[in-house]
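Those protein sequences? They're chains A and B, same order as listed. By numbering that gives the first Met the number 0, the letter at position 56 of the first sequence is numbered 55, and the numbering carries on one by one without gaps. By numbering that gives the first Met the number 0, the letter at position 88 of the second sequence is numbered 87, and the numbering carries on one by one without gaps.
Simulated from the structure, these hints should not be mistaken for laboratory data. There's no promise every hint is true.
Claimed, not checked - Going by beta-carbon spacing under 8 Å, a handful of chain A positions derived as facing chain B:
1. Thr3
2. Ala11
3. Ile12
4. Ala13
5. Thr16
6. Val17
7. Lys20
8. Asn32
9. Thr35
10. Thr36
11. Ser57
12. Ile68
As the list claims (entries may be wrong) - Sample of chain B residues with no beta-carbon within 10 Å of chain A, all distances over it, derived:
13. Arg25
14. Glu33
15. Met52
16. Gly59
17. Ile66
18. Glu99
19. Ala131
20. Arg150
A virtual CB, placed ideally from N, CA and C, is assigned to each residue, including glycine.
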Amino acid sequence: MTKTIIVSCGTAIATSTVAAKAIEEACKAAGLNVRTTQCKAAEIKNYLDGADLIVTTSQIRFDPGIPVINGLPFLTGIGRDKVIEEIIEILKD
Amino acid sequence: MNIVDFLNPEAIILNLNADSSEQVIRALGGKLLELGYVTDDFVDATLAREANMPTGLPLGGSVNAAIPHVDIEYVKKSALGLATLEREVVFYNMVENDVEVPCRLVIMLALDAPKSQVEMLQSVAGILQQPALIDALITAKNVEDVLAALR
Numbered sequence: 000m001t002k003t004i005i006v007s008c009g010t011a012i013a014t015s016t017v018a019a020k021a022i023e024e025a026c027k028a029a030g031l032n033v034r035t036t037q038c039k040a041a042e043i044k045n046y047l048d049g050a051d052l053i054v055t056t057s058q059i060r061f062d063p064g065i066p067v068i069n070g071l072p073f074l075t076g077i078g079r080d081k082v083i084e085e086i087i088e089i090l091k092d
Numbered sequence: 000m001n002i003v004d005f006l007n008p009e010a011i012i013l014n015l016n017a018d019s020s021e022q023v024i025r026a027l028g029g030k031l032l033e034l035g036y037v038t039d040d041f042v043d044a045t046l047a048r049e050a051n052m053p054t055g056l057p058l059g060g061s062v063n064a065a066i067p068h069v070d071i072e073y074v075k076k077s078a079l080g081l082a083t084l085e086r087e088v089v090f091y092n093m094v095e096n097d098v099e100v101p102c103r104l105v106i107m108l109a110l111d112a113p114k115s116q117v118e119m120l121q122s123v124a125g126i127l128q129q130p131a132l133i134d135a136l137i138t139a140k141n142v143e144d145v146l147a148a149l150r
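Pulled out of the complex, with its shape left as it was, chain A reads as follows:
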C-alpha cells in the first residue's frame, strides 16, 4: 500500500524539496511505495487526512497526531542513515 509522507518546511520551496527527493529515493531503495506531499509547516493541518508521517525541516508548534521526524539530516547529511531507518520502521507496517 502506498504511504503518504508530508514533507514540510517554512516556505515549501527550498528545504522540503531537497528532503522530499531524498526520502523518495531512500524509500524506493527500501522497496516502500510512498507519495510525498510538500507544504509549509503552517499548512500541515490541511494535509493530515490520510497521511502516515511528517518529515519537517522547520519547527512544528502543535501535535499533529502522527509521527514527526526531523528532516535536517537530508540537508546536512548528519544522521541521514539513522533517520531513513526510522522512516522505514514507521512506514513498513
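Position chain B against the provided structure of chain A, taking the given hints into account.
Here is chain B on its own, set in the frame of chain A:
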C-alpha cells in the same frame, strides 16, 4: 549543471565583517537586489522570515552554515548569494528555533517558483555535506578560489 551557474561572482562576499545575522542578510540581499534578482522588499521579507523561521544548520565540521530564503513572490529570477564571515555570527536552528547556531558560511537562496531548481538545491545540500569543501570556501582569498572550489 553546476551550482556556479546560479552564483553570480558579484553575489559573493568574502570575510564579511558582521555582528548579526541581520547585517549578513542585508549585505547579501543587497547584492541580489543590485544585481536585479529580487524585489525591493526581499531583504525585509527575508529578515522577517529568519526571525520567525530561522535557517541555521549545524554541520559535521568546524563550520556551520545558514541558508536564508523567503517566499517566491520576492524573487524575480532564481539566484544564489554566498558570504563567508570574518567571525562567527549567531543564527538559530531551523528545527529547534531556540538553539543558537554560530555560522561562518551563509548561502542565500532566491527561488522564483515552488519546487523549482531541484538540482540547485541538491547542490547546496551537497556543499553542506562536505566539510572539506566548506573549509575551502571559508579560507578562500578571492572569488576565483570560491568558484574553483565549487567547480
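The hints, checked one at a time:
1. Thr3: Check failed: Cβ of A:Thr3 comes no nearer than 17 Å to chain B, outside 8 Å.
2. Ala11: The hint holds - A:Ala11 has a Cβ within 8 Å of chain B, the shortest such distance being about 6 Å.
3. Ile12: At 5 Å from the nearest chain B Cβ, A:Ile12 passes the 8 Å test, so the hint holds.
4. Ala13: Hint on A:Ala13: holds, closest Cβ of chain B at ~5 Å, below 8 Å.
5. Thr16: 5 Å, holds
6. Val17: 5 Å, holds
7. Lys20: With Cβ-Cβ at 6 Å, under 8 Å, it holds.
8. Asn32: With a minimum Cβ separation of about 21 Å from chain B (threshold 8 Å), the hint on A:Asn32 is violated.
9. Thr35: Since chain B brings no Cβ nearer than about 11 Å to A:Thr35, farther than 8 Å, the hint is violated.
10. Thr36: 12 Å, violated
11. Ser57: At 5 Å from the nearest chain B Cβ, A:Ser57 passes the 8 Å test, so the hint holds.
12. Ile68: Violated, about 10 Å.
13. Arg25: The assertion about B:Arg25 holds, with a minimum of 20 Å to chain A.
14. Glu33: B:Glu33 clear of chain A: closest Cβ-Cβ about 22 Å, beyond 10 Å.
15. Met52: 4 Å, violated
16. Gly59: 5 Å, violated
17. Ile66: Given a closest Cβ separation of 7 Å, the condition is violated.
18. Glu99: 14 Å, holds
19. Ala131: For B:Ala131, whose nearest Cβ neighbour in chain A is about 13 Å away, the distance exceeds 10 Å, so it holds.
20. Arg150: 21 Å, holds
Checked against the numbered hints above, the structure violates hints 1, 8, 9, 10, 12, 15, 16, 17; every other hint is satisfied.
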